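Between the sequences and the hints, there should be enough to build the whole structure, so can you do that?
4 protein chains.
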Amino acid sequence: MSDVLKFGIVGTGRIGRMHVSNINKLIDGAEIIAAADLYIDAAADELKANGVKHLYKDYKELLANPDVEAVIVASSTDTHAEISIAAAQAGKNVFCEKPIDKDLDKIKEVLNVVKETGVKFQTGFNRRFDHNFRRVRDLVTDGTLGDPHIVRVTSRDPAPPPIEYVKVSGGIFFDMMIHDFDMVRYLSGSEVVEVSAIGAVLVDEEIGAAGDVDTAIVTLKFANGAIGVIDNSRQAVYGYDQRVEVFGSKGMAKAENDKPTTVEVNTVDPPTTDKIPYFFLDRYTNAFIDQFKEFIISINEDKPTMVTAEDGYCAVQIAYAATESCRSGKPVKVSLD
Amino acid sequence: MSDVLKFGIVGTGRIGRMHVSNINKLIDGAEIIAAADLYIDAAADELKANGVKHLYKDYKELLANPDVEAVIVASSTDTHAEISIAAAQAGKNVFCEKPIDKDLDKIKEVLNVVKETGVKFQTGFNRRFDHNFRRVRDLVTDGTLGDPHIVRVTSRDPAPPPIEYVKVSGGIFFDMMIHDFDMVRYLSGSEVVEVSAIGAVLVDEEIGAAGDVDTAIVTLKFANGAIGVIDNSRQAVYGYDQRVEVFGSKGMAKAENDKPTTVEVNTVDPPTTDKIPYFFLDRYTNAFIDQFKEFIISINEDKPTMVTAEDGYCAVQIAYAATESCRSGKPVKVSLD
Amino acid sequence: MSDVLKFGIVGTGRIGRMHVSNINKLIDGAEIIAAADLYIDAAADELKANGVKHLYKDYKELLANPDVEAVIVASSTDTHAEISIAAAQAGKNVFCEKPIDKDLDKIKEVLNVVKETGVKFQTGFNRRFDHNFRRVRDLVTDGTLGDPHIVRVTSRDPAPPPIEYVKVSGGIFFDMMIHDFDMVRYLSGSEVVEVSAIGAVLVDEEIGAAGDVDTAIVTLKFANGAIGVIDNSRQAVYGYDQRVEVFGSKGMAKAENDKPTTVEVNTVDPPTTDKIPYFFLDRYTNAFIDQFKEFIISINEDKPTMVTAEDGYCAVQIAYAATESCRSGKPVKVSLD
Amino acid sequence: MSDVLKFGIVGTGRIGRMHVSNINKLIDGAEIIAAADLYIDAAADELKANGVKHLYKDYKELLANPDVEAVIVASSTDTHAEISIAAAQAGKNVFCEKPIDKDLDKIKEVLNVVKETGVKFQTGFNRRFDHNFRRVRDLVTDGTLGDPHIVRVTSRDPAPPPIEYVKVSGGIFFDMMIHDFDMVRYLSGSEVVEVSAIGAVLVDEEIGAAGDVDTAIVTLKFANGAIGVIDNSRQAVYGYDQRVEVFGSKGMAKAENDKPTTVEVNTVDPPTTDKIPYFFLDRYTNAFIDQFKEFIISINEDKPTMVTAEDGYCAVQIAYAATESCRSGKPVKVSLD
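Chains as they are written, first to last, in the working numbering: chain W, 1 to 337; chain U, 1 to 337; chain D, 1 to 337; chain Z, 1 to 337.
Among the clues, some could well be false.
If you only want the chain D side, here are some residues facing chain U, beta carbon under 10 angstroms, derived [unchecked claim]: (1) 25; (2) 130; (3) 252.
Listed next, the stretches of chain Z that the computed footprint assigns to chain W, with coverage defined by at least 3 CB atoms under 8 angstroms from CB atoms of chain W [to be verified]: (4) 82–94; (5) 244–257.
It is worth saying that the hints were derived from the structure and are not from the lab. It should be emphasised that the depicted structure is a prediction, and the values quoted were computed from it without experimental measurement. Backbone N, C-alpha and C fix where the C-beta goes; we use that ideal spot for every residue, glycine too.
As structure tokens, then:
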């Protein structure tokens, strides 16, 4: 293994190009040297300016480049599984954006190939690397909070996505709450065994017409006996509301939203503080970087990744259960077998 | 009606005596002149020192006192309905501690007598008068938050009650979360139509052996389309955790816990602030007083009380639904008919 | 000494009547039984309703009442010394509003009489009893903060007093910062040995025309080596700004302003919280009560009062020094001899 | 002018190398292509890895490189003026670390050369670019706070520098408070006209033996009538305490310290939050970067820099005045002529 870990990236859309910029500018010990995308020409100038030397239309050519040690799969969701499998079989370590797939069998295939090939695999649940949430998780892990009793996640977007997106995304539990399903597993240190969901259409009737809800609360039971709750809304007019709380036998820790500055303004009107960040690129700026730092450490030191392929599988499985519960009005068991 | 409203109180236990002290010392325009309790002798000295002139063993004698204009029912729960009915029939306005009764039919009887007699009736949900929660409610009422979408209540006690109490109280949904059932109705400005509960025994196995849970999360659907969630624990080692949040179409307001001082201490150790109040007498000190101020205004100005007998009925009804849902694992409809 | 300590009060203006209401309603173990004021008739109804039995025009009659054990001097400033001396000579314990007098010799006379007669004497620096400031003081006293290095007080009024008041009050250092001079002595646990003042007329030119400043900063040196700073403004449009901070060898503690509720409102506009209290009656409500609780304890348990006559002397002395420094532009030494 | 602005840097110590890393990795539109240092060999590997192509021992060779458009002067203080002048005369724009010099005449020479040559010149007062302080400044500039009345800066280091440094630095007013002198000018939008200082030796007697103080408070008068205060300590055991506040005719804004996360931990012990950053590299990370972004904009868009050479001159001048005042005990006038 070289001193500098050499990455290839498949998919050079907005997120893919952000990964390129982050890794090649901000992360020592790693470099994206190759990129593949059907529409690679559109991104070619920017990629070259950021030091990416090899550009391909076909991701298979990228996998054939022997210098590439690890592959970032940032293409469209329906290609994640196929490319991940091919990369693993080519002996490359794999970083795959979430969800790995919406088909549980396909994800299992990925799991199997990862196991057989022994490559490192990390799923792109970047929020695990958020400074606030990670600190709460550490307080669980180091025993400060005792046994977790209640895990709580609030996650609200500033505005709904285009209705076309909603129609194909699989709905709020798949395109939005999936992050929170992973978060409660991360925070509780335990597996979800049962899910109950309620939802409502309060933001936009078109979302309801598309068969989805835009406001939802899900309660969860964990294998360790803890219980949890997640609430989501497609539209928080005040910004991107991202908070977590763990309540345990020895205490409680909660993470509030970040704010750009600490300034408080006092006038004849009520005191004001800064608004919270508007959306995920502002809020999770460092988490997007830190997930790769950890991935690189996992590879270099041959340690398990902080988000495994199994983690990717579980989140999708819970999303199915929540969707079903929201429709049927009944709790749905989740089992990892 | 006299300038100073004259009260009688039935039941002179800890809470009853607190009401006497609050009203006779801190509230202008009202005076407790009479008290009744089977064990009135034990409290006689304190009551007299606080200006209560007429002491009775039998509450009927108190009701026969023509100077008494309003009666506070602070006796044991199983006598609330009977005394409330007798007081109303005697033409007295009634302030009744919660719950009015555990039997829904008995509460309905109270409702009917109140309607027939036209007396003012207020149920002792003191938390509606808390400065923090009332402010959040005002932000709903004045339209600042728009239509409510998600209502959230966290309510955790510092330590479980004696196991003997748990065995007779009706369980966590009746003796603890009943306050929160009232709170979500208050905050949402809407009726609960469906309840789903999950619970766990994580604090004390004896509580489980008594057929109860000590940790619970309940989700609710409201008639206006909003959804809500309440979480309870019998034991928050850091104190009496009482927070609410309303998220609506135009914004979100949240009330954090009060703290005794604003002082922050910075040393070589992490910065500390004051601990939150340990229990309800510390936290709801002013709410216990303000509920009577409002009751007095309702009587003097002939306005509806801020917590009606119907409010008392609804909370008990929701507690039954939550208890059933927690046992069956299924959502339970709530209907006020 | 009786179980209930019997007070007389001289001066039944706004503050005097507040003391009556506080003591007779809220404080167990004490009762104001007598009041004297040249214009006693104007307050007679309210005083009687609050249980004051004996009303006099001449304070000497009040002092002649053998039931009166302690006297509150709440008359106009120019009569404080005379009445305090007469009360002490009549064997009454004395609570005297600040300042004891503006003439240092007259205060010394009071000090001497207090010493000779051995009565308890407390000066009305109520802010020492504020929950926030007292907590900071305790952190100094118990050693948490180590040796004090920097003591900082911010004290800003919501609006300037009438210009007629400014003309006779002695100026900002006598009518406003005098509280802060006491506060820095209280917080530092040490005597002021030198004062430097700068001032400006920024709020109202009439204040300048009256020979006063409306904005001022004073630095102080303490006998224990610490240094301090106080800033004052006659007009903080956002409310009554009252904060303190002690920085020491082992840490720093700071007290922020109180707010009526903990509610934070998030909308499309910047997040808001409650405004701070508008003025001293709202902010120091409990401090006004607690100063008497401590005075009563001092008398009943024969302990030194928390604010002595010497404390009253020192504050006035520092106010003279600050006034001189602000005019001369030079530091002024302070010595307690 | 090329698309990418080409920098040379003189001085490749710790701060110099941080500038190289920041500019070459994090700032688009600029690149450090050349570096000069007597001990350039020690830094050569790191500089090359960060893309610096031309390395020199003699800064004059760097100035002779026609590709270099702007020079960063990060060498030892006693060489700042000489190199700045030479760079300006070579037609290079100049970014000079603070202080420009300790000799006011030498700084004036720099001012003159800058004026004659018309190059852009920025002094390294990085704190002006801090997100918190800049926001407060903006609230002054946009009129939200009205006319400034009181400007307050608290600046405390976590631990004193080596005593050898104190002996040659010029003392606390030159090596530490000089940043705050610039800050009050920045926040008030006005010039300092008079300074009064008090100091104490409370942290380390050796500092006193070296003729310096380790704890100091300085009050200031501004040309616009406002007054201000700065407090400094060489040792805040809880970390790097950096706060500012501006109080004006229309309101007050204050910037509290940053904290790494928003997490609050509640256990049986008092609630804790994160400690503040330990020192300036942690706290001013972004300010160190943003000062160059603004410098580049000034050059590219031919606008005045946000910190001029005059700003560098004023801060040193105030430091002399404060030093004199602390010794003499008298206020010292400051005049920019």
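With a cut-off of 8 angstroms between beta carbons, are at least three residues of the segment 244–257 of chain Z near chain W?
With 8 residues closer than 8 angstroms to chain W, the segment 244–257 of chain Z meets the three-residue bar; holds.
Regarding the hint that residue 252 of chain D lies at the interface with chain U, is the smallest CB-CB distance below 10 angstroms?
Holds - the Cβ of residue 252 of chain D comes within 10 angstroms of chain U, reaching about 5 angstroms at its closest.
Closer than 10 angstroms between Cβ atoms is the bar; does residue 130 of chain D clear it against chain U? Give me holds or violated.
holds (9 angstroms)
Taking 8 angstroms as the C-beta cutoff, is the stated coverage of the segment 82–94 of chain Z by chain W satisfied by three or more residues?
violated (count 0)
Classify the hint on residue 25 of chain D as holds or violated, based on whether any CB of chain U lies nearer than 10 angstroms to its CB.
Given a least distance of 5 angstroms, the restraint on residue 25 of chain D holds.
Comparing the model with each earlier hint shows a violation of hint 4 alone; every other hint is respected.
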